[in-house]
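**Student:** Chains as they are written, first to last, in my numbering: chain A, 1 to 285; chain B, 1 to 282; chain C, 1 to 452.
No wet-lab data here; the hints were simulated from the structure.
Predicted, not measured: the structure shown is a model, and the values here were computed from it.
Some clues are possibly wrong.
[Unchecked claim] Straight-line alpha carbon distances no greater than 25 Å define the calculated DSS-like cross-link-like pairs of lysine-lysine that follow:
no.	chain 1	residue 1	chain 2	residue 2
1	B	Lys109	A	Lys9
2	B	Lys6	A	Lys93
3	C	Lys308	B	Lys59
4	C	Lys71	C	Lys308
5	C	Lys308	A	Lys250
The chain contents come next:
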Amino acid sequence: MIHLSNKRKWIPYLLIIPSFSLICIFKLYPIFTTLVESFIVDSQFTFSVFSELFKDDAFWNSLGVTLKLNVVMIPLQIIISFGMALLVNSAVKVIGVFRTIFYLPVTISLTVACLLWNMMLNPNSGVINSLLGIFNIPMQGFFTDKNQALWCIIIVATWKGVGYWMMFLLAGLKNIDAEIYESAKIDGAGWLKTTFQITLPLIKKVLLFVFIANTTSNLLLFIPMQVITGGGPQGSTNVLMYEAYKSAFKYGDRARSSAIVTILLILIVAACAVQALMLREKEKS
Amino acid sequence: MNRKIKKNVMTCCIYILLVIILIITLFPLFWGISASLRDNSELFQYVTPFSLNTFVPLKMTIESYIGLFTDYNFLQPILNTLYVTIMSIVLGCVVNSVAAFAFAMFDFKFKNVIFMLILLSFMIPFEAIALPLYQVADGFGMVDTHAGMIVPCIASGLVLFLFVQFFKDIPPSLLEAGRIDGANLAQVFFRIMIPLSKPIFITAGLMIFMDQWNSYLWPLLIARSKDIRTIQISLTAFQTEHATDWSSLYAASILSALIPLALFFPFQKYFVQGITSSGVKG
Amino acid sequence: MKKKMLALMLAGTMMVALIAGCGSKSDADNDTASETEKGQENQASDSDKPFAGQSITFTDTGAGDWEEYIKPIIAKFEEETGATVTMELYAHTDYLEMLDVKLGAGSSDYDVIGVDVPLVASYASKDFITPVDEYFSDDEKAIFTESALTAGSWDGEFYSPAMNSSSQLLWYNTALLKEAGVEVPESDTENRLTWEQVEGIAKEALAVVDADGNKGISGIAFEQVSRTYQMNMLPNSMGGANIGDDGFTVDGIINSEEWINACTWYQNLYSNGISLKGLTADDTGDIFKAGKIVFMVAGTWTAEALEKEGMSDYDYAPVPAFEGYEDKVGTPTGSWHFGIPKNSENKELAAEFIKYMSIGEGNTLWLETHGDVPSTTTGVENILKSDTAEKYMKIAAYEAANTAVPRALTPGYNEYDSVIESTWDDIKNGADVKESLDGAVKQLESLLSKLK
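In isolation and in its complexed conformation, chain A is listed as follows (with noise of 0.2 Å):
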C-alpha cells in the first residue's frame, strides 16, 4: 500500500468516483430498485411473495437443478481453462494461432452456439448419433432425454466458455516472473510439484477473480434453455434463472422473478466467499 500524507488523503476517493458514480446509478441504483420489488405487494411491505415462492414446488425443483448443474460445471470449467492455459503458456511455434481458435467459441454468440451444438446433439439426424451409430451404440436423446439434458448443456457451456476463462489465467501465468521456475528446476523439482506448489499460489489473486467471474456467470447461465429446451425435459433443465426470466418477461410477475434473483443472489454471495476462504487459506499454509 502506498501511504498518503493527511493533504492528499482525498485522492483516492476522486481516483474512484467516475467508475464508483457510474457503477451507482447504472447499476446498483436498478439492483436496489428490483430487490425491493420483491417484498412489496400493493404497495405494502410484505414476505409474502418469498413465502408463496418456498411453496411452490416449481421453486424447489429449479433450486435442485442449479444446485446439481454448478456443483459440476463450475469445477469442471475452471480445472479445463486452468489446463488449457497451462497449455498454451509454452513457449511452442505457432502457439499464438492455437491461443487464437481456442478463443474462437467466444466469438461466437451463445445463441448460435446453442443452435449448432442442439444439430449436432440432435436425437434423430445429429452428427453425434451417427458417430455413435458407427460404433455400434444406440442413439441417445441428447436434449430430448431428462437424464442427460442437463449434461448436455453442460458440455456446451463448457465449449464456449473456457477459452474465455483461459484467458485471464494466461494473463496471470504471464506475471509469474520466469526465474522462479528456474530456481524450481534447479531444486529438482518435477512439473505436477511447481505447478501446484508455486504457480497455484502465485497467480491466487487471478484465480480468485476468475472463481467468482465464472460462478456468477454460470449461476446466471439461462440462454441454453430458453434456446434449446424450454427448461424440459420435464423440467430437469429449469434452473432458478430460468424460472425468474419466465416469471418477469413471460408472466409480468416482476415481484416473483426479483425474489428469486434474490435468493440467486444470496447463493452467488454464498458460493464466491466459500471460494475466496479457501484461497485465504491456501495463502496461510
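Here the structure of chain A is known, so what remains is to put chains B and C in place on it, guided by the hints.
**Tutor:** Relative to chain A, chains B and C alone:
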C-alpha cells in the same frame, strides 16, 4: 542428449494435446461454416444419413456472405457495433483502471464497503434490471443514442474487479522504488504500472469487447431506430415469422465471430512475460 | 499532480459529453413512409384533412418482411388524412420481449402496437392497452368474424381489432408418395380424411422410402412442433376445450379424456417411428421443402414458400378428423391484432389508423398483397365466392369461419402457453401422458391463481 529427448517428447505431447483441443473447438463450427457456404435448399438435404456431404457442400457458394451486404445491409450494424465497442473499451479501461489503482494501492475509509458494493453490482443478471435501467436511461435522454449503449457498459464492476486483482499482483516494491526516486502518483501510474500491465489491459479490453459485441437485450431496448442497431439484433432479422434464412444466419454469425478474432490475433503477442527479475531488483 | 488532474478532467468531460447525447443520435427518419418535404409543400391543402400535422408511432413484428407491404398502405393513409405515421418494426423473436419491457415501464413511445391475439386478455387485464369501444360502432364491430371479435375482447370490452387470421391445412409430398406407390384419397371439408387413415398411409410410405430409418424422413410432422397454437388442435378435434369459460379453470379440461386420448395418439406417432423427435418449430418447414417429410400440418403460407423454393411435388387437403369425431374438427386460428397503449398521446388518430388497417381499405390492400386469411366476414365471403382465389385459401377461409377454435382466452395466456408447450414437448419425448397433463394442471393452477 537425454534432456533433449525429454524436451522433444514434451513438445510433442503438447502439440498433440493442442491439436485435440483444436478439433473439439472447431468441430461444432464446421457445420455452421459449411451451412454458410451452401444454398438454403441444400442445407437440409444432407443432414442424414451422415456422409461427407453433411459437412462438405455439394455446391459451395459465398452468395450468403455477399447477400449479407447487398440484401441485408449488414455493414451498418457491424460499423455501429464496432463504434460502440471501441468506445466502451477505451472509456471502460480508463475509468476502471484509474479506480482500480486506488483500490489496489491505497487504504481509505469505507474502502471495503464500497468494494463489496462493486462486487455485488455484477452478481445480478442483466435481465432483472433491464426495466429499471431503461427508466434511468430514459431519464438521462439516452434512449436511441450510442451513449445509451456505451455508458451503462462502462459501469462494470467486473472490469474494475479484474484490474484490482491484477494490480494487486504488482510488487509494491517496484512502486515504492519509483516514489523514492521522486515520481509523483500520476507518474507511478503512467510510467510504471501501465507498461507492466499490458496483458491486463488486453484482457480487460477483450472482456469489454465480447460483452458489447454479443450484447443482445440492452441494445434491443435502447436502440430503437434501425440505423443504430447492433449485430446481435440484426441476426434475428434472418428469422421471419414463417421462415428462417439459415444460410445467411450462419454466414452473419461466422462473420461476426471472425471480426473480434481478427482484431484479437495481432494483440495476443503482447501476452508476454510481464515482470522480469531485473525489474524487481531495480 | 497536474498531469493527473488534466487526464481526469479530460475523461470526465468526455463522459459528460457522451451523456449529454453528443454521441451520434440517429438522425435519419425512422422509416417514415411519406416524404415530409413534400408534405410541407402541400400544407395549404393539407390543413383541411382530418388529422393534418399530427403524427403517431406504430410498432409491430415483421421486420425484414412486412416493410414492403405496409409502406404503401401507410402512404395512402397519410395522404388521405394528412397525418404522419412512423413505423418501427422488430423481428419476431425480439418484438414481444421489447414490448413487455416498454409497456411494463408505462412507455408512451408508441400509439399503435401489434398485439399477438392470445395476449389481448393479458394486456387488457394489466391495463397495458385501452378499450376501443368508443371508436368502433356496433356495425363496425360486426364486420369482424365472431372468433376474431371474441378473441379481441376481454371482460365485456373490445380492446383489439384484428388485422388478419390464420388457418392450417394438411400438406403432403407427392414425390415421396409416388415413390412408395401409395395414394392419398380425395377429400374436402365435408368428407375429410381421418388421422388414422393418414397415419396408415404414412407408415406404408415410410416402409418404402426409409425402411431402415436412417434417411431421416418423417411420416407426419406438425410445423410448429410443441407450440400451443399448433398442437391444441388435436384435443380440440376430439371435442376437448382449451380452458374453462372463466378463463382460469384447467382441471377437468386439459386433463380430460379427450386430451388424454389425443395426446396418447400423438405420443404413439413418435414411439412408433412415424414422427421424428428432432424436428423443431424453426426448421420443420425447411425440412418439408427439402423433401424429407411425407405429411405436414402447416399454415397457408406454405404454398408460397414452396413455390419460392421451386419445390412443386406437393399437394394439400383439409386437416383430417379423428375417426368417430368427424363433426368435432378443430383448427388453429388467430394471428395479429392491433392495440392502443394506455399512455399513447394521440388515441384518436391511433384509432383511425387501426380502423383503416382492420376494416378499412388498408386491410383490403394488406390481404391482397400479403395473402393472409381474413378476419372479417366480408373478407371470408370474398374468398369463398372468388374465381381467382387459390383452392387452399378457400379451404382456409372455410375453416376460419367454421372449425376455428380460438386459443385459450385468459389473462394468464403467457403462463398457459409456457406450461402447455413444455407439456407437449414432454409428451413428444415419451413422458407419461396422464402424469404430464395432471402436472400441467397443478402448475397452471398455481400460476393462474395469482391473476384472479
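**Student:** Run every hint past the structure and note whether it holds.
**Tutor:** Comparing the hints with the structure gives:
| no. | hint | in the structure |
| --- | --- | --- |
| 1 | B:Lys109 / A:Lys9 | holds (10 Å) |
| 2 | B:Lys6 / A:Lys93 | holds (17 Å) |
| 3 | C:Lys308 / B:Lys59 | holds (20 Å) |
| 4 | C:Lys71 / C:Lys308 | holds (23 Å) |
| 5 | C:Lys308 / A:Lys250 | violated (35 Å) |
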